[in-house]
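Colleague: Here are the chains, one letter per residue:
Number of protein chains: 2
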Amino acid sequence: MYVVILAGGSGTRFWPLSRKKSPKQLMSVFGGKSMLQRTVERVMPLKPKRILVVTNVLQAEESARQLKEYRRHVRIDIIEEPVGRNTAPAIGLAASIIARYDPDGVMLTLPADHYIVNEDEFHATVKRGYEAARDGFLVTMGIEPTRPETGYGYIEADTEQGGCAGSFPVRRFVEKPPLEKAVEYLDSGNFYWNSGMFIWSVDAILDNIAALMPELTASLAGLAFSEDFWELEDLKPQIEELYLDIKAESIDYGVMEKADNVVVIPARFGWSDVGSWSAIPEVAEADSCGNVIISANNSITLDSGGCLVYGGNKLVALVGVKDMIVINTNDALLVCANDRAQDVRQVVAELEKRGLTEYL
Amino acid sequence: MYVVILAGGSGTRFWPLSRKKSPKQLMSVFGGKSMLQRTVERVMPLKPKRILVVTNVLQAEESARQLKEYRRHVRIDIIEEPVGRNTAPAIGLAASIIARYDPDGVMLTLPADHYIVNEDEFHATVKRGYEAARDGFLVTMGIEPTRPETGYGYIEADTEQGGCAGSFPVRRFVEKPPLEKAVEYLDSGNFYWNSGMFIWSVDAILDNIAALMPELTASLAGLAFSEDFWELEDLKPQIEELYLDIKAESIDYGVMEKADNVVVIPARFGWSDVGSWSAIPEVAEADSCGNVIISANNSITLDSGGCLVYGGNKLVALVGVKDMIVINTNDALLVCANDRAQDVRQVVAELEKRGLTEYL
Numbered sequence: 001m002y003v004v005i006l007a008g009g010s011g012t013r014f015w016p017l018s019r020k021k022s023p024k025q026l027m028s029v030f031g032g033k034s035m036l037q038r039t040v041e042r043v044m045p046l047k048p049k050r051i052l053v054v055t056n057v058l059q060a061e062e063s064a065r066q067l068k069e070y071r072r073h074v075r076i077d078i079i080e081e082p083v084g085r086n087t088a089p090a091i092g093l094a095a096s097i098i099a100r101y102d103p104d105g106v107m108l109t110l111p112a113d114h115y116i117v118n119e120d121e122f123h124a125t126v127k128r129g130y131e132a133a134r135d136g137f138l139v140t141m142g143i144e145p146t147r148p149e150t151g152y153g154y155i156e157a158d159t160e161q162g163g164c165a166g167s168f169p170v171r172r173f174v175e176k177p178p179l180e181k182a183v184e185y186l187d188s189g190n191f192y193w194n195s196g197m198f199i200w201s202v203d204a205i206l207d208n209i210a211a212l213m214p215e216l217t218a219s220l221a222g223l224a225f226s227e228d229f230w231e232l233e234d235l236k237p238q239i240e241e242l243y244l245d246i247k248a249e250s251i252d253y254g255v256m257e258k259a260d261n262v263v264v265i266p267a268r269f270g271w272s273d274v275g276s277w278s279a280i281p282e283v284a285e286a287d288s289c290g291n292v293i294i295s296a297n298n299s300i301t302l303d304s305g306g307c308l309v310y311g312g313n314k315l316v317a318l319v320g321v322k323d324m325i326v327i328n329t330n331d332a333l334l335v336c337a338n339d340r341a342q343d344v345r346q347v348v349a350e351l352e353k354r355g356l357t358e359y360l
Numbered sequence: 001m002y003v004v005i006l007a008g009g010s011g012t013r014f015w016p017l018s019r020k021k022s023p024k025q026l027m028s029v030f031g032g033k034s035m036l037q038r039t040v041e042r043v044m045p046l047k048p049k050r051i052l053v054v055t056n057v058l059q060a061e062e063s064a065r066q067l068k069e070y071r072r073h074v075r076i077d078i079i080e081e082p083v084g085r086n087t088a089p090a091i092g093l094a095a096s097i098i099a100r101y102d103p104d105g106v107m108l109t110l111p112a113d114h115y116i117v118n119e120d121e122f123h124a125t126v127k128r129g130y131e132a133a134r135d136g137f138l139v140t141m142g143i144e145p146t147r148p149e150t151g152y153g154y155i156e157a158d159t160e161q162g163g164c165a166g167s168f169p170v171r172r173f174v175e176k177p178p179l180e181k182a183v184e185y186l187d188s189g190n191f192y193w194n195s196g197m198f199i200w201s202v203d204a205i206l207d208n209i210a211a212l213m214p215e216l217t218a219s220l221a222g223l224a225f226s227e228d229f230w231e232l233e234d235l236k237p238q239i240e241e242l243y244l245d246i247k248a249e250s251i252d253y254g255v256m257e258k259a260d261n262v263v264v265i266p267a268r269f270g271w272s273d274v275g276s277w278s279a280i281p282e283v284a285e286a287d288s289c290g291n292v293i294i295s296a297n298n299s300i301t302l303d304s305g306g307c308l309v310y311g312g313n314k315l316v317a318l319v320g321v322k323d324m325i326v327i328n329t330n331d332a333l334l335v336c337a338n339d340r341a342q343d344v345r346q347v348v349a350e351l352e353k354r355g356l357t358e359y360l
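Which chain is which? The protein sequence lines are H and R, in order.
First residue of the first sequence? That's 1 in the working numbering, and the numbers climb one at a time after it.
First residue of the second sequence? That's 1 in the working numbering, and the numbers climb one at a time after it.
There could be a bad hint or two in this list.
[To be verified] EDC-like mimics (lysine to aspartate or glutamate), calculated; alpha carbons at most 20 angstroms apart, straight line: (1) R:LYS322 <-> H:ASP343; (2) R:LYS353 <-> H:ASP303; (3) R:LYS322 <-> H:ASP158.
[Claimed, not checked] Simulated restraints, written as ranges between beta carbons of each label pair: (4) H:VAL183 <-> R:ALA284: 40 to 50 angstroms; (5) R:GLU350 <-> H:ALA349: 35 to 45 angstroms; (6) R:GLU175 <-> H:ALA349: 51 to 61 angstroms; (7) H:VAL74 <-> R:GLU350: 47 to 57 angstroms; (8) R:GLU350 <-> H:LYS49: 51 to 61 angstroms; (9) R:ALA284 <-> H:GLY355: 26 to 36 angstroms; (10) H:ASN297 <-> R:GLY32: 27 to 37 angstroms; (11) H:GLY32 <-> R:LYS353: 48 to 58 angstroms.
Simulated from the structure, these hints should not be mistaken for lab results.
Positions of the beta carbon are idealized from the N, C-alpha and C atoms, including for glycine.
Model the full structure from these sequences, guided by the hints.
Modeller: The structure is reproduced here in structure tokens:
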């Protein structure tokens with residue numbers, strides 16, 4: 001099995017800790033490993049043949065630095081996209097590379113910035129998905145919902161028809177629903193959160209891209225691969241050329257929603273896409289009042305709850321504060337109501353507008 | 001006229017910016033001069049003969065450093081109290097010193113940590129008070145209330161009896177009232193905020209101390225003054241000795257509430273005792289949404305109002321934040337609901353309890 005890690009996100013919602021050169025997946029929120037490093041560690045027990053990390057030029061250097069240690073144990077290739085073009089081109093490119101050298105390869109595609117609680121369950125789920133992928137299916141991991149989340153897309157499974165290895169055929173993909181719908185989906189028992197984690201044979205995904213996104217296939221067909229096994233250095237200028245014309249498209253919209261051999265593998269390993277600061281309390285240990293205080297030299301909390309504080313190694317004191325996000329980095333201090341965490345993007349947009357590039 | 005500045009406060013409510021060695025009056029909230037420096041500057045146009053600054057041992061060095069420049073223009077003596085004993089001993093000591101060398105002296109007593117908007121009006125008020133003091137009255141400056149403040153004590157004036165120089169006899173002093181009473185006082189027209197700013201002849205105040213606080217007078221009587229004019233160095237060990245036994249008492253309780261020659265001079269110069277962080281917006285320039293952002297390299301505010309942020313020279317971003325105090329110093333980060341500003345003292349108490357003395 002091959003692992004493709006999509007690591008090109010910009011993560012503006014994690015400003016000011018995330019920056020253009022060190023976005024969410026490269027950030028060390030908890031002072032330890034980054035999400036990219038955790039993603040690599042998580043797949044190591046699966047003994048992947050190789051890992052391809054698709055990232056962008058700004059982040060390639062830091063990605064390489066963070067992955068140096070792991071390269072002693074597994075071959076990791078870093079592919080630099082000159083510009084982001086959403087997931088379909090990145091996946092098509094990675095699949096083309098794998099297929100060139102191993103036409104029977106199966107690839108597990110993972111975003112670099114997701115959080116997973118139970119790694120054993122994750123491995124078991126991947127193994128089931130691998131079986132279904134070997135049978136030619138496009139497998140998507142569907143997270144069993146635990147709350148009527150309106151921030152995720154959903155997958156409706158046809159649970160009346162059992163599929164291979166515990167999978168179910170997919171009826172449809174649903175965009176982020178209003179609350180009412182989300183409650184309905186939660187109660188139905190056959191809706192899953194769309195995690196953006198996929199397993200398929202390179203053969204199957206390339207066939208589907210050829211059928212559903214012929215332009216992308218045509219672009220990828222122009223790549224001249226080295227005869228040397230996995231020598232990707234020659235590809236670099238070609239990829240730069242390729243991306244000039246390539247259309248931005250998600251693999252969900254481009255392929256998954258239209259293909260007829262898509263199945264969902266139900267997953268219950270505890271998952272979050274950690275979409276904004278307000279998701280951190282889901283994935284971090286909170287005190288008895290629900291406060292998560294990170295990077296603090298010490299802390300004192302009086303009548304405060306539901307707060308996330310990144311202290312920048314200072315003593316942190318909270319007095320009568322509820323549901324607040326406070327992020328204190330070397331050069332910026334963000335204070336944000338918990339329910340406005342999505343709007344941190346607006347701060348980044350405003351910084352851009354004002355030309356305050358040193359903070360981006 | 002002599003000016004006595006009471007500068008020994010600890011100001012724990014301004015933690016983490018205020019510390020034991022640099023309390024509120026020595027703090028530079030706005031990046032410019034400290035409140036002590038502003039207090040000295042404010043009295044300079046009154047051409048005081050001398051200024052006595054009563055402070056404590058921890059703060060004497062920093063006080064001297066901050067006042068160095070002003071000593072080129074006026075003689076400033078710094079008197080160190082070995083321990084704080086409230087205002088009566090400090091005032092009694094200062095009055096005794098002045099009386100020793102100038103028995104006819106009139107003294108203006110000012111806390112070092114108050115904020116005054118209109119300096120011309122302040123000078124005019126002091127001049128009226130000076131006249132009443134020359135006539136033997138104990139003069140207290142009463143601030144005309146502008147809101148039903150429950151955080152200040154009040155002075156009830158007998159406005160039916162006009163007094164000397166626009167003053168009124170004082171009927172009574174009232175402790176911090178409940179809101180209902182405060183509204184009543186505001187409406188009455190003859191209640192004033194007790195500012196803790198006084199004018200009297202040293203003669204009059206010492207007579208009253210002798211009558212009402214004989215123990216204090218007995219203690220002060222033991223002081224052996226130098227023959228040299230204003231050579232206070234010899235007093236230092238005597239003051240240390242004196243304070244071992246002296247009782248803590250406020251001049252309000254010890255003298256003003258009991259004396260029969262107390263008058264109030266109505267003052268309307270715009271005043272705040274800046275009692276806690278929540279008072280800063282009263283005395284600083286706020287943006288159109290009521291946010292005061294100090295010590296920030298730059299700032300972005302989205303749907304935020306009523307906030308006070310001390311940014312520690314960082315870029316400050318607020319998203320959906322209402323009525324919050326955020327103070328970011330070199331080693332500590334305080335986040336506090338505006339209506340809980342008084343409870344910052346509890347944080348300081350907790351730091352003491354935990355032995356985290358480096359933050360005190």
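Colleague: For every hint, state whether the structure bears it out.
Modeller: Hints, verified against the model:
Annotation: proposed proximity of R:LYS322 to H:ASP343 holds, straight-line Cα distance about 15 angstroms (limit 20 angstroms). Restraint check for R:LYS353 and H:ASP303: satisfied, since their Cα atoms lie roughly 18 angstroms apart, inside the 20 angstroms limit. At most 20 angstroms may separate the alpha-carbon atoms for a hinted pair to count; R:LYS322 and H:ASP158 exceed this at roughly 47 angstroms. Between H:VAL183 and R:ALA284 the beta carbon distance is about 47 angstroms. The supplied range of 40 to 50 angstroms therefore holds.
Between R:GLU350 and H:ALA349 the beta carbons are some 40 angstroms apart, a value that agrees with the proposed interval 35 to 45 angstroms. Between R:GLU175 and H:ALA349 the beta carbon distance is about 52 angstroms. The supplied range of 51 to 61 angstroms therefore holds. Between H:VAL74 and R:GLU350 the beta carbons are some 49 angstroms apart, a value that agrees with the proposed interval 47 to 57 angstroms. Checking the proposed 51 to 61 angstroms range against R:GLU350 and H:LYS49 shows it holds: the Cβ atoms sit about 55 angstroms from each other.
At about 28 angstroms, the CB distance of R:ALA284 to H:GLY355 agrees with the hint of 26 to 36 angstroms. Restraint check, H:ASN297 to R:GLY32: a C-beta distance of roughly 29 angstroms satisfies the suggested window 27 to 37 angstroms. Between H:GLY32 and R:LYS353 the C-beta distance comes to about 31 angstroms, which lies outside the given range of 48 to 58 angstroms.
This entry does not satisfy hints 3, 11, going by the numbered hints stated previously.
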